[in-house]
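Kindly generate the complete structure, drawing on both the sequences and the hints.
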Amino acid sequence: MMRRLRQYLAVYGKFLSTCFAAASTYRLHFVLLIVMDQLFYFSLLGSVDFIFDQVPVIGPWSRDHFMFFIAFMLAVDHLHMTFVSESFWEFSYDLRTGRLDFILLRPLNTLFTIFARLIRPATMVNVVTPWAFLIHFGLALDLQASAWFFLLPLVVLALLLLTSIEILLSMLMFWTVESFGINFLRMQLQTVSRWPDFIYPTWSKRIFTLVIPILLVGSAPVRFLFDPTQWIGVMAMLVALGVTWILIAFVWRLGLRSYESASS
Amino acid sequence: MPELSKWMATVRISWSKHLAYKLNFVLLVIGPTLVFFFVKFSLWKAIFSLEGVTTLQGYDLRRMLNYQAWTLLVGLLAQGYNSMNLAEDIRLGRISAYLVYPFGFWPFQTASFLAFQGLQLLVSAVTLLLLVVGGLLSGWSWPALLEGFVFSLLVGFFWYQISFLIGLAAFWLEETWVLRVMFVTIAQFLSGAMMPLEVFPVWLESILQWSPFPYLTYVPAKMFMGEYSGSFAVAALILGLWLAVVSLGVNWVWRRGLRLYTAAGM
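Order-wise, the sequence lines are chains A and B. Numbers 1 to 264, taken from our numbering, label the letters of the first sequence in order. Numbers 1001 to 1266, taken from our numbering, label the letters of the second sequence in order.
For the record, the hints were derived by calculation from the structure and aren't laboratory data. It is possible that part of the hints are untrue.
[Unchecked claim] Covered stretches of chain A (chain B as the covering partner; in silico rule of three or more C-beta atoms under 8 Å from a C-beta of chain B):
1. 12 to 21
2. 44 to 50
3. 96 to 102
4. 144 to 153
5. 171 to 182
[Claimed, not checked] Here are the simulated lysine-lysine pairs, DSSO-like style, with alpha carbons at most 30 Å apart:
6. B/Lys1006 x B/Lys1022
7. B/Lys1045 x A/Lys205
8. B/Lys1017 x B/Lys1006
9. B/Lys1017 x A/Lys205
Since the model is a prediction, treat every value here as computed from it, not as a measurement. Glycine included, C-beta positions come from ideal geometry on N, C-alpha and C.
Following this line, the structure appears as structure tokens:
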């Protein structure tokens, strides 16, 4: 077990060094990626800030609560952009061109190779922005010590759930000829998850919590951080994570059976 | 006349290409605009209903949802994803063919954009019908509708030219999608796509008047609502001037870029 873990860590180390080498080749692209993320962060935070110039509260949350939620989602988004986002685009390319053949032949877990191999070093630099806002609004809300303790694990759990839902969704690419649209659908789900669940009508809240649990990604952990008695949402996240991975295992096998290996 | 037939043939081929993968077209072109509308619609409904707010900068709930519904239509009509693969064409040397064809690269891309715009018109017409039947659009008039449509088409052309200009950056950059995402992010934030400009701080609203951003969503949405306080002709002239600036930029960048072009992949 330990030997296997070490092997995967060594492979991930190679993925990292390759991505750093590639990123250092295209320096202007590197800088533009940083600017792009910063623009996204500030446009989202700015939009919420402008709305709160007009109203004191939205639903149960004040400006600080809402901004903390947005900063939490930006922290998840930052990790997502850094460690997994590029892989989804590459996966569609692998399927279309038949490059998946070579990945399937490697003596490594195929899903690990597909979804962990591309890292975006430029985005790492942006870690400061979401976390500075997260800490700032956490302090303003006077979060309990336990909330600070759980903050990072919950950001990681939210990332795991978001990524798992996206992996499951991306399996649809096996059955589409042009899979660019699936990636856009995945991004639309991210957009939905970036706002707290109470803004949505009941029917859509149910769908996006029970069927495609994308609203659990942000709302459940942030509620728990505000009030530790609301742990049920975090439990629901863990259940959703388990169910999603059972579905991924099933759909992945189905998908491989449909895969036509374009290049061979 | 032969020139026109080339344009028509390209429009026809592009129309078929856009519709070749229908699910992809729906997810790529209609999906993002609809989801963005769904989020905004839910957010503003929550703001008004949860807090008992009756008016916000002159907007009551009905008027705000009306505004959001018109921005959905503007988004469909004017903010397409055409010429998304332009950078790849340049990078992989595919534009070489257009340099020898009797039909240039810009006319080819523009004809493709016209085909796309035709599809968008159809999608918008269906959406408009659904919005009216669903009771989300109230108090509209034919003159306002016509004014809004014409202006949105102008915005669509401006958006296309910007996309084309960004694509041409591939002569220098390995990837240009970053520039496109940056432009869309800024435009969505500053054009009034998320919220009407009246909700913005006064200082920012004043600065924006000197930029093309309000003309990309806020102005056409207000025209559709029949509430645009300025003159249509002046708004069209201002956007036309911005369009001229971008078009000059396209021309300049294209000529400079061709000097660097190595026809990789040939």
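Item to check | Proposed proximity, lysine 205 of chain A with lysine 1045 of chain B (alpha carbon, max 30 Å) | outcome: 14 Å, holds
Checklist entry - lysine 1017 of chain B and lysine 1006 of chain B: Cα distance at most 30 Å? => result 16 Å, holds
Checklist entry - Taking a Cβ-to-Cβ distance below 8 Å as contact, does the region 12 to 21 of chain A have at least three residues touching chain B? => result That given contact is violated, which follows from only 0 residues of the region 12 to 21 of chain A lying within Cβ reach (below 8 Å) of chain B.
Checklist entry - For the region 171 to 182 of chain A, do at least 3 residues have a Cβ located nearer than 8 Å to some Cβ of chain B? => result holds (count 7)
Next on the checklist: For the region 44 to 50 of chain A, count the residues whose Cβ lies under 8 Å from any Cβ of chain B; is that count three or more?
Outcome noted: holds (count 3)
Item to check | Per-stretch coverage check for the region 144 to 153 of chain A, three Cβ contacts closer than 8 Å to chain B | outcome: violated (count 0)
Next on the checklist: Can you tell me if the region 96 to 102 of chain A counts as covered by chain B, using C-beta to C-beta distances under 8 Å and a minimum of three residues?
Outcome noted: violated (count 0)
Checklist entry - Do the alpha carbons of lysine 1017 of chain B and lysine 205 of chain A lie within 30 Å of each other, as the hint requires? => result 37 Å, violated
Next on the checklist: For a C-alpha distance cap of 30 Å, please report whether lysine 1006 of chain B and lysine 1022 of chain B respect it.
Outcome noted: Distance of about 25 Å is within 30 Å: holds.
The structure fails hints 1, 3, 4 and 9 (numbered hints given earlier, in ascending order).
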